[in-house]
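Chemist: Single-letter residue listing:
Number of protein chains: 2
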Amino acid sequence: MAHSPLTEIMNARSIAFYGASNNVSKMGSSQLVTMISNGYPGAIYPIHPSEETVFGLRAYRSVGEIGTPVDLAVIVLPARLVPGVIDELGAAGVRRAVIVTAGFAEVGGADLQDAVNEAAHRAGLRYVGPNCIGVANLHARLNFTVFPFAGEPGSIGMLSHSGTFVTHLMPYLHARRLNYAEAISLGNEGDLDIVDGLQYYASRDQVRVITCYIEAIRRGREFMATAADVSRVKPIVALYAGGTDAGARATASHTAAMAAPEGIIDGLFRQTGIVRASTIEEVFDFACVLSRCAVPRGNRVGILTNSGGPGVLMADAVSRLGLSLPSFSPALQKEIGAFAPGTASLANPVDFTFINDWEAFFSRVPRLIAESGEVDVLLFYGFFGIETFLHYRDHPAVAPSLNPALMEAALRLGTDLQHTIAASLRNLPVPIICSTFLGLDESLIGHLVESGVPFLPTPERAARAAGALCRYGQWRRTHPE
Amino acid sequence: MAHSPLTEIMNARSIAFYGASNNVSKMGSSQLVTMISNGYPGAIYPIHPSEETVFGLRAYRSVGEIGTPVDLAVIVLPARLVPGVIDELGAAGVRRAVIVTAGFAEVGGADLQDAVNEAAHRAGLRYVGPNCIGVANLHARLNFTVFPFAGEPGSIGMLSHSGTFVTHLMPYLHARRLNYAEAISLGNEGDLDIVDGLQYYASRDQVRVITCYIEAIRRGREFMATAADVSRVKPIVALYAGGTDAGARATASHTAAMAAPEGIIDGLFRQTGIVRASTIEEVFDFACVLSRCAVPRGNRVGILTNSGGPGVLMADAVSRLGLSLPSFSPALQKEIGAFAPGTASLANPVDFTFINDWEAFFSRVPRLIAESGEVDVLLFYGFFGIETFLHYRDHPAVAPSLNPALMEAALRLGTDLQHTIAASLRNLPVPIICSTFLGLDESLIGHLVESGVPFLPTPERAARAAGALCRYGQWRRTHPE
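These protein sequence lines are chains B and P, in that order. Numbered by the numbering used here, the letters in the first sequence go through residues 49 to 529 in order. Numbered by the numbering used here, the letters in the second sequence go through residues 49 to 529 in order.
Pulled out of the complex, with its shape left as it was, chain B reads as follows:
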């Protein structure tokens, strides 16, 4: 694909910052503070009419005063000042900007937006915004949104018509170890838009799945062509907002967007390989599996569980999604049966009813099913950790009667056995999607999630994510690269 103008924005090595002072209660200041806090390694030049320094950085009266080339300008100034600043940037040879400033088309200021575009055209400048919250490339420690981010960068590329779904989601995703690689708050899309974003992320190896929060599609034809191209190489998950009348009323005042009726969107997404999500939570459930799993070769789902209820709920969900839940062959049932308790069901769902041998349940049996050739995706419920055993070990009435060999075996789930399990689950020949009601504070869960095994918080959400994975697999089989 062609070189994207977003490349210089998302990988800027030097930034002129308009609109930050030493008053951190101002938006521009808090954005600069984020950039400093997150350890941006490039040069930052605050532009301020009077301050000598801003948060310890030397401030300049104008971008021309800096004296060296600058890759990017970030603008958080009142709207009426923006066209003049762009003229100044043009004169200084700055060719990229992010305009955070609100007060343009979303509040009826179309004239001012035109003035910005005329100035940008004169200056040969391309920009993101206005009315956005900024951008982040967490791998490059470039983040000038309003919130600092403390965790490891991930592999999700976000394109959002809402700044909230860049900033507020960072701690939410981090709590699941499912972080952004890069995120772009698109705002009103006065210049660079979601089509540019798709093209840019398609070229980025660190982005394994593209997520979109969409309030409006401004260039319909280009969007469809680009999405279809990009879907051939990496998955796009999108949530379309404002499809109802009440939602449309809300988007109009948000990003000046004219929303399309819901029915149109479904067809448009289906034709272009975009995996549609129905909630913001689902966007990231789907992104979790699409970024961590191989593309499946078919729609046959296997279910492995240690308890009946979750097995039933997954079977119901798989069935509603139109996926197949084949009964396992007698040969495979026999192989599984060799490891299972006598009370187990073996046909699919495979329900162990209880776990008699941890290594068998967590490692050997999923491998047996995955290698059988009888399923394309495996749903796996039933994880737990060692916390219950620690509880037993530490209880004064219980501890004296405990069998030391049994305790030692149990505690292996927190040491070598969890490495065995992670290695086994990460290298299966079909995608596996795990679910558990437990958190990352359980040692086994934490270890597996950190190892890249996809986990979702409930069995039904895992099943729906399997549906998304299969939908994308179907697209890829009929639309080769």
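Treat the hints loosely; a few may be bogus.
Cross-link-like lysine to any residue pairs, in silico, SDA-like; alpha carbons within 25 Å at most [stated by the list, open to error]:
1. Lys74(P) - Ser449(B)
2. Lys74(B) - Lys74(P)
3. Lys74(B) - Glu136(B)
Hints listed in this document are in silico derivations from the structure and should not be mistaken for laboratory results.
Chain B is fixed; fit chain P onto it per the hints.
Modeler: Same frame as chain B, but now just chain P:
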């Protein structure tokens, strides 16, 4: 309502325990360990053929040997031994049991189930199970499921055809401070069933909402009559599983249940006031608001947010649920406008765009809207904590330039201001449902959740919970107590 036979089970003051030894890897043993660990204050009498003590408790050869009356027997023995044990219980005057043992109707053992029922009839004994995981009354520190529970008891009463949704959910719910008051794993319902469970919970003040995971309804007529009676005094939320062919196949081997087609269930629930949930997660989202909110007087929803995207998603969800999102009167908009930034939208959704005054946004404006008479339920998105400010305060480049008065104001969100906000949000004249992507580790969120303010993890889940609340409100208005 009539006295429930479950009363003596759920509030037993003495328990004979069959099937626990000192080997904690056996199910019965781990269940006894749970009971000990959770500090059960009553008397426990392990019944064992040879051990002198079990986990430090004196063991007995038979229940007759104990010499004092026993309220309840817990049975975790092989299935074929159960009828004989019940005869023994009858002779000793024990009139209640929980039969954990599996291997009855769910694996084709209908004859053995008949033998149990004949023995129970002879003994005048009522029981829960078989093929269940036990019961818990967390307020009474009575819990002999397989997992110990460490948190505070809550106000949810659970009736489940899956033991997993009793045990595995305890840590899941606790992580949201949304705990069970009491939980009953119904198993095969050889005797006491979900109808008895509804009647029992209806009489329990500590149960504010009843949740059900249902695989089959065995006494249809009684279920409908009882559910309709109970729904007049407290809400019932239910998930019906096994509605699809694949799900039905899975339930048959799970609890010997014959599932009903999905369409029938919808009508049945609607006629009886049961709030239907579509996933296990939704059961507890709905239980959260139904246990913490007053019954609303209508379907008019107000939305307050500090950011556009979540506002749009809530507006879309409210609209899809058939609720109304009225535009606010000019008078109310003017009142809200006095506290809002100039960039705010005021019509409904009210979108502050940013928070200029925390006390106004978190306390005064929700109260204005709630007291306006223009809404019946308020959805409130936009919470944050003080962690970002602590991050600023602790950063060497940022700290020296910080305004101390501003920092002091910000840190009030972690001290007195959070008490002001909690007091205000807890006593509004209409129900409020909050949402945030942040966790309970954020001080403000943690404090509000602990104070009983209902919080859900995403704006759409909050909106769907508002839908559940309004549905129940509608039932109550047309079906007075």
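Chemist: Which earlier hints can't be squared with this structure?
Modeler: Structure breaks hint 2 only.
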